[in-house]
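**Q** Please model the complete structure; the sequences and the hints are all you need to start from.
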Amino acid sequence: MAQSYQLVLKIQRYDPTQKSSWVQEYRLEAGRIQRFTDLFRKINEEQDPSLAWSSSCEHGQCGSCAVVVNGRPVLACELLVENAVNDFGTTTFTVGPITVAPVVRDLVVDLALAYERVHQAKPFLIQPAAKDPGGNEYIVQLKQLDDYADATRCLNCFCCATACITSQKNFLGPNAVMAGVVRVMDPRETATEERLKLIYSEKGVYRCHTSQACSHVCPKEIDVAHYMALAKSGRLKAGQTD
Amino acid sequence: MNQSLKIADTVRCDVLIIGGGGAGLRCAAEILERRPGTSIIAATKVSHVQKSHTTTAQGGVAAVDPRDTSDSNEFHMFDTWKGSDCMADQVVIKQVIDSAWEQILWLENHGMHFSRDENGRLARRTFGGHTINYGKGIAYRVKFEADRTGKGIMDTGWWETLKAGTTYLGQTLATELIIEDGRCLGAVLYEAKKGQFTVVLARATIVTTGGLGQIYQVTSNCRGNTGDGPALALQAGLPVMDLEAVQFHPTGIVGPGILASEALRGEGGILRNKDGEAFMERYAPTNKDLAPRDIVSRAIETEIREGRGVLNPDHNIWHVWIDIRHLPDYVHDVKLPEISGFFKKFVNIDPKKELAPVRPTCHYQMGGIPTDRWGRVQSDQETYVHGLYAIGECAAASLHGFNRLGTNSLLELITMGRIVGEKVVEWLGDSEQGRDLKHPPDPGAKSLERFSAYLEPGGDQKAGQVREEMRALMTEKVGVFRTGEGLSQAIEGLKELKSRADKSPLVQRGLVMNQELMERFELDNLLAVAMIIAQGALERKESRGGHFREDYPVRSDEFNYHTLAWMEEFGEVTWGRRPIDRCLFEEKTCQYVEGFDFIERKY
Numbered sequence: 072m073a074q075s076y077q078l079v080l081k082i083q084r085y086d087p088t089q090k091s092s093w094v095q096e097y098r099l100e101a102g103r104i105q106r107f108t109d110l111f112r113k114i115n116e117e118q119d120p121s122l123a124w125s126s127s128c129e130h131g132q133c134g135s136c137a138v139v140v141n142g143r144p145v146l147a148c149e150l151l152v153e154n155a156v157n158d159f160g161t162t163t164f165t166v167g168p169i170t171v172a173p174v175v176r177d178l179v180v181d182l183a184l185a186y187e188r189v190h191q192a193k194p195f196l197i198q199p200a201a202k203d204p205g206g207n208e209y210i211v212q213l214k215q216l217d218d219y220a221d222a223t224r225c226l227n228c229f230c231c232a233t234a235c236i237t238s239q240k241n242f243l244g245p246n247a248v249m250a251g252v253v254r255v256m257d258p259r260e261t262a263t264e265e266r267l268k269l270i271y272s273e274k275g276v277y278r279c280h281t282s283q284a285c286s287h288v289c290p291k292e293i294d295v296a297h298y299m300a301l302a303k304s305g306r307l308k309a310g311q312t313d
Numbered sequence: 020m021n022q023s024l025k026i027a028d029t030v031r032c033d034v035l036i037i038g039g040g041g042a043g044l045r046c047a048a049e050i051l052e053r054r055p056g057t058s059i060i061a062a063t064k065v066s067h068v069q070k071s072h073t074t075t076a077q078g079g080v081a082a083v084d085p086r087d088t089s090d091s092n093e094f095h096m097f098d099t100w101k102g103s104d105c106m107a108d109q110v111v112i113k114q115v116i117d118s119a120w121e122q123i124l125w126l127e128n129h130g131m132h133f134s135r136d137e138n139g140r141l142a143r144r145t146f147g148g149h150t151i152n153y154g155k156g157i158a159y160r161v162k163f164e165a166d167r168t169g170k171g172i173m174d175t176g177w178w179e180t181l182k183a184g185t186t187y188l189g190q191t192l193a194t195e196l197i198i199e200d201g202r203c204l205g206a207v208l209y210e211a212k213k214g215q216f217t218v219v220l221a222r223a224t225i226v227t228t229g230g231l232g233q234i235y236q237v238t239s240n241c242r243g244n245t246g247d248g249p250a251l252a253l254q255a256g257l258p259v260m261d262l263e264a265v266q267f268h269p270t271g272i273v274g275p276g277i278l279a280s281e282a283l284r285g286e287g288g289i290l291r292n293k294d295g296e297a298f299m300e301r302y303a304p305t306n307k308d309l310a311p312r313d314i315v316s317r318a319i320e321t322e323i324r325e326g327r328g329v330l331n332p333d334h335n336i337w338h339v340w341i342d343i344r345h346l347p348d349y350v351h352d353v354k355l356p357e358i359s360g361f362f363k364k365f366v367n368i369d370p371k372k373e374l375a376p377v378r379p380t381c382h383y384q385m386g387g388i389p390t391d392r393w394g395r396v397q398s399d400q401e402t403y404v405h406g407l408y409a410i411g412e413c414a415a416a417s418l419h420g421f422n423r424l425g426t427n428s429l430l431e432l433i434t435m436g437r438i439v440g441e442k443v444v445e446w447l448g449d450s451e452q453g454r455d456l457k458h459p460p461d462p463g464a465k466s467l468e469r470f471s472a473y474l475e476p477g478g479d480q481k482a483g484q485v486r487e488e489m490r491a492l493m494t495e496k497v498g499v500f501r502t503g504e505g506l507s508q509a510i511e512g513l514k515e516l517k518s519r520a521d522k523s524p525l526v527q528r529g530l531v532m533n534q535e536l537m538e539r540f541e542l543d544n545l546l547a548v549a550m551i552i553a554q555g556a557l558e559r560k561e562s563r564g565g566h567f568r569e570d571y572p573v574r575s576d577e578f579n580y581h582t583l584a585w586m587e588e589f590g591e592v593t594w595g596r597r598p599i600d601r602c603l604f605e606e607k608t609c610q611y612v613e614g615f616d617f618i619e620r621k622y
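Those protein sequence lines, which keep their order, are chains F and E. First residue of the first sequence? That's 72 in the working numbering, and the numbers climb one at a time after it. First residue of the second sequence? That's 20 in the working numbering, and the numbers climb one at a time after it.
Honestly, the hints are just simulated from the structure, not real lab data. Glycine included, C-beta positions come from ideal geometry on N, C-alpha and C. One should not assume that every hint holds.
Here's a subset of chain E near chain F, in silico, CB distances under 8 Å, partners left out [stated by the list, open to error]:
1) Thr145
2) Gln534
3) Ile599
4) Tyr622
No more than 27 Å apart at the CA atoms, straight line, and that leaves these computed lysine-lysine pairs for DSS-like [stated by the list, open to error]:
5) F:Lys90 x F:Lys240
6) E:Lys182 x F:Lys240
7) F:Lys291 x E:Lys371
8) F:Lys291 x E:Lys372
9) F:Lys268 x E:Lys182
10) E:Lys607 x E:Lys560
Per label pair, the in silico range of CB-to-CB distance [claimed, not checked]:
11) F:Gln77 x E:Glu515: 32 to 40 Å
12) E:Glu561 x F:Glu100: 43 to 51 Å
13) E:Ser507 x F:Asp119: 54 to 62 Å
14) F:Glu100 x E:Glu137: 27 to 35 Å
**A** Next comes the structure, spelled out in structure tokens:
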């Protein structure tokens, strides 16, 4: 097992002042369990402080650091050098921004614009069901929760939307549709009709071509395509699937 | 001055929230519920509020279910007071714990996906330090959403503020509080996406910037937790409180710095040094690896200091091992799957077969911007800044004193967020000052001057290198172990680092998404809070909670007060004291009044 690797990172750059794009090549030595976020920081410290990249928690819980490495959307904080070398079979990597929103600079995209699609799907309770008469919590049976709990783990990192073969222009995107599906399945929500209208609208679930790329790339290993399929088949009542 | 720097825009709103995490958005949701139509701007450094540090919290929220007759609020209050090492303010403990259950219901009723029991009710579990009958039994009072309770709370705050209407400004720094005649009028923002400075005039400003873990080499905190709130306060001539109280967790995973939970040792995990020795036997012969957090942290640091640690070459971090190879597969796969998963994901080892690298990690800042129980920011011992509030990890009301109990941080966000929201609504409606907002003279001049200085070339230092040296210095001298000599060296070292930071030119000059510029600003904030921590630790000649002095290893009643610190010039700190509120003890309404005296923190 190698202790360190000689890597070539070909990073897509964008300068908003000059409105110019180019690919910049960085050569660096990296340890086996350094993550790609560590590599970006290493580039900042040792070679080029001007390279801009996005991250926050850096342990796979916030979804800020999604980038496209050799064509695959990934969280940079979870991609270990050793795994990248083994999985991609190379020590040369192209790194670009995710494709769901305009680039602000280098690897940083305007995620607020991407989030607008999730906001359209109204992730909150639109019209909550009648409250428990005792003033307590709603009852949600384990069997019901089990049907959609996995989808609530979504971070909105937009890896699925980046991998999706449907054009961003016409489709809300897998994560936004899934946010709506969760609330259709949530027994505490009553605004089912309004939700279905969006899910089955022009920009809704029928735009999905069932490539299942979303499930394939999801860093949280959520079976996103499963929720798309549920929506298409109309089996959206929680606790009824066996 | 750099010609390109100017205030590009002036915006007015009712409420400006600096930081958009759990505390800030719970507060905003309360304001919008009580006063629909209030214009609120939440300015956060992350790209969207959902990305805030709150989202990483795993454990749960402690709240006594009134239907549970075996538990009581008073037991929870006792645990919090004892856990704080007798430094929390009891008036805050009382109001937070008395409103805890109501806030759990608020979250659930607004759509948070709590884990359930077999009856479809909220599931509950135990957590370290939470007891019934004043330490005599284990409490089942923690409510949770699987291993992502913080995400559930963060999402609910986001949903409710989205539903009611809030402007989120992502990738935005607050560079200055605008304060005139004891009244906060808003703040100056650097909106990185636009590459511009904006003055926001707000009738109420709420600081909710979170922690400062980035001053240390290994931390569970996010990249953006750089002490911005306390630094903004210091820069505005306001005090900060108890910053020397930093919580370390003994077993952070090398690399991301996140926690490998106590459960690892609870299930039989053994700490080993480079020679494979199970060293805890020497430090705690009876409890061994199950000794309290602070003892385990110090034992690991001692092993490393005495040359029995291991250097991870990739991250250049000294560590010890935790050995869980001997545990049955059932424990690995069923009881500890997420921790085993973290080692696989971030260290690329199989903990069933290999040793796993851990070391103490900076987890939480107990101190912060001093506020009263309503979140109003103090300007000195008697007065408050009108229209300025602080909540959450950046603030100290103080719920946690010198040591925070697990799951009480999420509780603080939701309860104090709500309480402060209610106060802000009162301020906006009733107070004449709350309605009237003068335009301050020349707002933002200080920010432009500061950022111009960053952009002016001069010197040959590298800011990134200064930051790394600061982190190494703080870890070595102001971390788990502190001594008078080491702290004095750290203070001198920080002065030198600050002067080097001031001589570090930037390569990137464009203003749009200038990460280098933002990190340069953050470096000054880090250095400021690091300096206060080092000096506060030097002044406090005792050991209490998260603050341990090798030369003064026991707690002393002489220091039964909160430390207030002001620093307008770097390194020149002036001190004040704030008494500890002891209403639970003094009013004698509790059943076990003596439990709220200055008791020993022994378990």
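**Q** Does each hint hold? Answer for all of them.
**A** Each hint tested on the structure:
1. Thr145: violated, 20 Å
2. Gln534: Holds - the Cβ of E:Gln534 comes within 8 Å of chain F, reaching about 4 Å at its closest.
3. Ile599: Because about 34 Å separates E:Ile599 from the closest Cβ in chain F, which is outside the 8 Å limit, the hint is violated.
4. Tyr622: It is violated, given that the least Cβ distance between E:Tyr622 and chain F is near 29 Å, above 8 Å.
5. F:Lys90 x F:Lys240: Holds, at about 23 Å.
6. E:Lys182 x F:Lys240: holds, 24 Å
7. F:Lys291 x E:Lys371: Answer holds: F:Lys291 to E:Lys371 is near 23 Å, not above 27 Å.
8. F:Lys291 x E:Lys372: Within the cut-off at roughly 25 Å; holds.
9. F:Lys268 x E:Lys182: holds, 18 Å
10. E:Lys607 x E:Lys560: Violated, at about 31 Å.
11. F:Gln77 x E:Glu515: 32 to 40 Å: About 35 Å separates the Cβ atoms of F:Gln77 and E:Glu515, which means 32 to 40 Å holds.
12. E:Glu561 x F:Glu100: 43 to 51 Å: Since the Cβ atoms of E:Glu561 and F:Glu100 sit about 46 Å apart, the hinted range of 43 to 51 Å holds.
13. E:Ser507 x F:Asp119: 54 to 62 Å: Cβ of E:Ser507 to Cβ of F:Asp119: about 37 Å, so the range 54 to 62 Å is violated.
14. F:Glu100 x E:Glu137: 27 to 35 Å: Given range 27 to 35 Å: violated, Cβ gap about 54 Å.
Checked against the numbered hints given earlier, the structure breaks hints 1, 3, 4, 10, 13 and 14 and satisfies all the rest.
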